[in-house]
Amino acid sequence: MIVTTCALKAFLDLQNLDLNEVCNRLSSLGLEIESTYKISVPSKVVVGKIIRRKAHPNAERLSICDVDIGSEVLQIVCGARNARIDLYVAVALIGASLPPKGDSKLPFNIVKSTIRDIESSGMLCSSEELGLPVLGEGIMELDSSIGELVLGKELKEYAVFNQDVIELGITPNRGDCLYVLGVAREIASSFNLILKSLPAGDNSLAIGVGRILQLLSHGELDANLMYKIVEIKDMFLPLAIALSLGIAKRYKKEKIENFLEYATYMSGVIFNAYPLDDREISLNGETVKLDIRRDELGLESVYSIVKKGDNEEVTKLSTIGAKRYEVTPNDYPRTFVIEASHIHPDTISNEIFKAKDKLAQDKDVTYLSTRGSNSSLELGMGFLCMLFDSLDDVVVYSGEQKIMHKLEPLNIDMTFSYISKVIGNDISNDEIAIILKRLNFLLKTTCDEDYFILTPPIYRFDIVNRQDVAEEILRCTGIQNIKSKPLLIEQTLNSSLAYDKHKLTKDIRTKALALGFYECLHYVFSSSQKLLELGFKPLSQDKALLNPITKDLDTLRPSLIPNILESMQRNKNLGYKSVSFFEIGTVYDEQRNPSLNIAFGVCGDRLSPSYPNPKGSLWEFYGFARALTKVIDNFELINLSDDLEENVSNGLYHPYQSAFVYKDGIRLGIISKLNPKVCTMYDLENVFWAELDMELVLKAKLKKLEKKAKPYSTFQASRRDLTVLINSRIPFSRIKASLQKESLDSIVGFYPLDVYKEDKHMHALTIRFILQSSEKTLLQEDIEESISKVLKILESNFDARLK
917 MIVTTCALKA FLDLQNLDLN EVCNRLSSLG LEIESTYKIS VPSKVVVGKI IRRKAHPNAE
977 RLSICDVDIG SEVLQIVCGA RNARIDLYVA VALIGASLPP KGDSKLPFNI VKSTIRDIES
1037 SGMLCSSEEL GLPVLGEGIM ELDSSIGELV LGKELKEYAV FNQDVIELGI TPNRGDCLYV
1097 LGVAREIASS FNLILKSLPA GDNSLAIGVG RILQLLSHGE LDANLMYKIV EIKDMFLPLA
1157 IALSLGIAKR YKKEKIENFL EYATYMSGVI FNAYPLDDRE ISLNGETVKL DIRRDELGLE
1217 SVYSIVKKGD NEEVTKLSTI GAKRYEVTPN DYPRTFVIEA SHIHPDTISN EIFKAKDKLA
1277 QDKDVTYLST RGSNSSLELG MGFLCMLFDS LDDVVVYSGE QKIMHKLEPL NIDMTFSYIS
1337 KVIGNDISND EIAIILKRLN FLLKTTCDED YFILTPPIYR FDIVNRQDVA EEILRCTGIQ
1397 NIKSKPLLIE QTLNSSLAYD KHKLTKDIRT KALALGFYEC LHYVFSSSQK LLELGFKPLS
1457 QDKALLNPIT KDLDTLRPSL IPNILESMQR NKNLGYKSVS FFEIGTVYDE QRNPSLNIAF
1517 GVCGDRLSPS YPNPKGSLWE FYGFARALTK VIDNFELINL SDDLEENVSN GLYHPYQSAF
1577 VYKDGIRLGI ISKLNPKVCT MYDLENVFWA ELDMELVLKA KLKKLEKKAK PYSTFQASRR
1637 DLTVLINSRI PFSRIKASLQ KESLDSIVGF YPLDVYKEDK HMHALTIRFI LQSSEKTLLQ
1697 EDIEESISKV LKILESNFDA RLK
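Heads up: the sequence shown begins at 917 in the numbering used here, then just goes up one per residue.
Any given hint could be a false lead.
Now the in silico label distances, taken between C-beta atoms and shown as ranges [what the hints assert, rightly or not]:
no., residue 1, residue 2, range
1, LEU1462, THR1502, 14 to 22 Å
2, GLY1665, SER1704, 15 to 23 Å
3, LEU1067, GLY1225, 16 to 24 Å
4, GLN1632, THR1502, 47 to 55 Å
5, THR1545, LYS1657, 23 to 31 Å
6, ASP1364, TYR1434, 51 to 59 Å
7, ILE1395, LYS1232, 46 to 54 Å
8, TYR1434, ALA1633, 40 to 48 Å
In the DSS-like style, the derived pairs of lysine-lysine whose C-alpha atoms are separated by at most 27 Å in a straight line are [to be verified]:
no., residue 1, residue 2
9, LYS1169, LYS925
10, LYS1619, LYS1417
11, LYS1419, LYS1546
12, LYS1417, LYS1617
13, LYS1593, LYS1467
14, LYS1427, LYS1623
15, LYS1705, LYS1657
16, LYS1652, LYS1708
17, LYS1531, LYS1488
18, LYS1623, LYS1419
19, LYS1171, LYS925
20, LYS1223, LYS1072
21, LYS1072, LYS1168
22, LYS1112, LYS1322
23, LYS1546, LYS1624
24, LYS1626, LYS1615
25, LYS1165, LYS1112
26, LYS1493, LYS1531
27, LYS1673, LYS1705
28, LYS1322, LYS1270
29, LYS1615, LYS1419
30, LYS1171, LYS1232
What the hints contain is simulated information worked out from the structure, not anything from laboratory work.
No residue lacks a Cβ here, since even glycine has one placed at the ideal position from N, Cα and C.
Please model the complete structure; the sequences and the hints are all you need to start from.
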């Protein structure tokens, strides 16, 4: 991006600014300064006016011009075709030193000379001969756009011939700085300046746009469009505009294209011009019909519709954001439809990418549109109309036609503390607010002093999240002003409760698979009829399924076991009599409240017949329970009939081999042998099952993960067995609870070792006690005292007696 100080002055007052300071600020803002240089015309090059012109007697292509430079009239021989009477020209006087010509490295000095026997006292200069960009053929024509033309005044005294040029490197995300207005905004925000307001044009014709232009649109469009009509009786390009375009390397051959290019260069709005004298656009040159729709590649395009006889001829004129219409040269007067357009950079980028090599495109247009052209079409069109109004022979028709889509503002939730945290330095809230307001962000404060809602300006397509806002504060504060701090690396805990549960669930699956259990998955739906036969309660009437999939899947499952039994039955029919399954899934109560359970089921042999066990080994209750301890860790069993808190009745439970599963005093679920009646129903043998609350299982495992060091004794532990006669109806859980309530310091643990039935009402129970002291090695007397204390408790609470 190339900008000049004269171009910037259209939007900013640069009178009190130093160029070096401006460049330093732009660099700190992220707009890299690639180069700076000065445009300056040599001394002794003055304003002159051709007052007489005649042909050279000795050369057909030369002419003799009398040039008034104010103080005198000079005779100068000139070969330019555009030399004519009353033309203001740049005159190099005798003694002037112009830039080298061609391959020469020496300056070109102007001296009094004789050309084909005619004396010449100076030279009429082209822009190239003065070291300026090439601005067409022939000598450079001066006009009032550079200032008041005073004969004899040196050109270097005019601002356009004595200005600074800044060449910027713009990153792809800063499309708003690819035009002069965008760069002016950056300078204004850095120096706290106010942008100039552009004057509105008033040279409008009473004829409205609608009398000439008929605008149609088809389908859902993303582009915004604005149209005006301009009638140009005679066209000339002001030198100031031509010079700005030449310096920016954007000078075009066709004059109307130069006006459009200059308006885009200054405002960032993309323009198109459609001449009515082109028979592809208008047959009669008085009316035009444009249709906006997507082309065969899916890109939004502008088509003209011309009625020829009974038929309508449709011609594609341009692709919005990708290809301009090429204006063919023609004589004036001419009338043009001027189009201003904008399409979101993400939208046009995706469409161009999809079209790939099939699309003919203008690189200059796509370079701006894909990075973000100015969406303020009113501003751009107003600037262009202001340029037209400055010309005497151009009339702008009143009104305009539009196809506009309201751009929804982007609201970003921000906190002042977040910005300071990201940058790494404390920045005051007031300073942050001032910077954002200078950048034209809209701040909406709340009752929370730290929180605010931020809306970026519509031309900042690169601001989409909180990080982008923090970057804006950083670049405006200046990275060089941020105090450096040592990098602090802290190890943080990356796990969460959900992740820990996921790992434990995976661990349970792995252990179950290692023990030979196969995981199975079933529908959450089941047959209400089968569940009733198994003794399960149905869903409440108001919670029943209204539209079941099939009759066999007309309710939600209250347990995982029925589906596992059906899988066992199917496997047996396939020849697999001994199988082991587990499943983790959701079950539902009568009110349709969900819970996560884990279920295990085995049937047949635990070990298949093979040497040295030719008969194999059947599953039995305690063997099945020991297998589960390897999956979910140790637990305690309490007979269903011994638990007085809840009377469990279900068709799946075995009347004599079933128990509640407890862990740290919490009931996890049930383990049981399958009821013989149900075994007969499913044609199965020797089936054991268990169903546990998965959430409680995981909770117990999580508690185990909280490893805490506990003091332990370094003295020897002793073991003693105590056998007592006790009522056979008293469960060991009551005996255990009774002993745990008493203060038995030396006894660190106990468990049932053996049981032997003495008679109908009594059995001999052997309990093993582990005794250990943290202070000394226990003597025989200490051990006997502790065992005697246990015996007294048993005698007192349960009428037990020593065997």
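Outcome of the hint check:
1. Between LEU1462 and THR1502 the Cβ separation comes to about 20 Å, which falls inside the hinted range of 14 to 22 Å.
2. A beta carbon spacing of about 18 Å between GLY1665 and SER1704 agrees with the range 15 to 23 Å that was offered as a hint.
3. Judged by the Cβ atoms, the range 16 to 24 Å given for LEU1067 and GLY1225 is violated: they are separated by roughly 60 Å.
4. Judged by the Cβ atoms, the range 47 to 55 Å given for GLN1632 and THR1502 holds: they are separated by roughly 51 Å.
5. A C-beta distance of roughly 26 Å is found between THR1545 and LYS1657, which places it inside the suggested range of 23 to 31 Å.
6. Checked against the given bound of 51 to 59 Å, the beta carbons of ASP1364 and TYR1434, roughly 55 Å apart, stay inside it.
7. Range check, ILE1395 to LYS1232: Cβ separation about 48 Å, and the 46 to 54 Å hint holds.
8. In this structure, TYR1434 and ALA1633 meet the distance hint of 40 to 48 Å, their C-beta atoms being roughly 42 Å apart.
9. Between LYS1169 and LYS925, the direct Cα distance comes to roughly 26 Å. Compliance with the 27 Å bound is thereby established for this hinted pair.
10. For a cut-off of 27 Å, the pair hint linking LYS1619 to LYS1417 stands: about 12 Å separates their Cα positions.
11. Between LYS1419 and LYS1546 the alpha-carbon distance is near 17 Å, which keeps this suggested pair within the 27 Å criterion.
12. Between LYS1417 and LYS1617, the direct Cα distance comes to roughly 9 Å. Compliance with the 27 Å bound is thereby established for this hinted pair.
13. At roughly 25 Å between alpha-carbon atoms, LYS1593 and LYS1467 fall within 27 Å of each other, so this suggested pair holds.
14. Distance hint between LYS1427 and LYS1623 is fulfilled; the C-alpha atoms sit about 21 Å from each other, no more than 27 Å.
15. Among the hinted pairs, LYS1705 with LYS1657 is consistent with the structure: their alpha-carbon atoms are about 13 Å apart, no more than 27 Å.
16. Taking the CA atoms of LYS1652 and LYS1708, the gap is near 14 Å; set against the 27 Å cutoff, the hint holds.
17. Restraint check: the Cα-Cα separation between LYS1531 and LYS1488 comes to about 19 Å, which is no more than 27 Å; the hinted pair holds.
18. Our distance criterion of 27 Å between C-alpha atoms is met by LYS1623 and LYS1419, whose separation comes to about 17 Å.
19. A C-alpha spacing of about 23 Å is found between LYS1171 and LYS925, which places the hinted pair at or below 27 Å, so the restraint holds.
20. Our distance criterion of 27 Å between C-alpha atoms is broken by LYS1223 and LYS1072, whose separation comes to about 55 Å.
21. Restraint check for LYS1072 and LYS1168: the C-alpha separation of about 25 Å stays at or below 27 Å, so the hint holds.
22. Between LYS1112 and LYS1322 the CA atoms are separated by roughly 26 Å; this keeps the pair inside 27 Å, and the hint holds.
23. For the hint linking LYS1546 to LYS1624, the alpha-carbon distance of about 22 Å falls within 27 Å, and the restraint holds.
24. Distance hint between LYS1626 and LYS1615 is fulfilled; the C-alpha atoms sit about 21 Å from each other, no more than 27 Å.
25. Taking the CA atoms of LYS1165 and LYS1112, the gap is about 26 Å. The hint holds against a cut of 27 Å.
26. Note on LYS1493 and LYS1531: the hinted pairing holds, with a Cα-Cα distance of about 15 Å set against a maximum of 27 Å.
27. For a cut-off of 27 Å, the pair hint linking LYS1673 to LYS1705 stands: about 25 Å separates their Cα positions.
28. For the given pair, LYS1322 sits about 26 Å from LYS1270 by alpha-carbon distance, which is consistent with the 27 Å threshold.
29. Under the criterion of a C-alpha separation no larger than 27 Å, the hint pairing LYS1615 with LYS1419 is consistent with the structure, at around 13 Å.
30. Between LYS1171 and LYS1232 the alpha-carbon distance is near 23 Å, which keeps this suggested pair within the 27 Å criterion.
In this structure, the earlier hints numbered 3 and 20 are contradicted, and the remaining ones agree with it.
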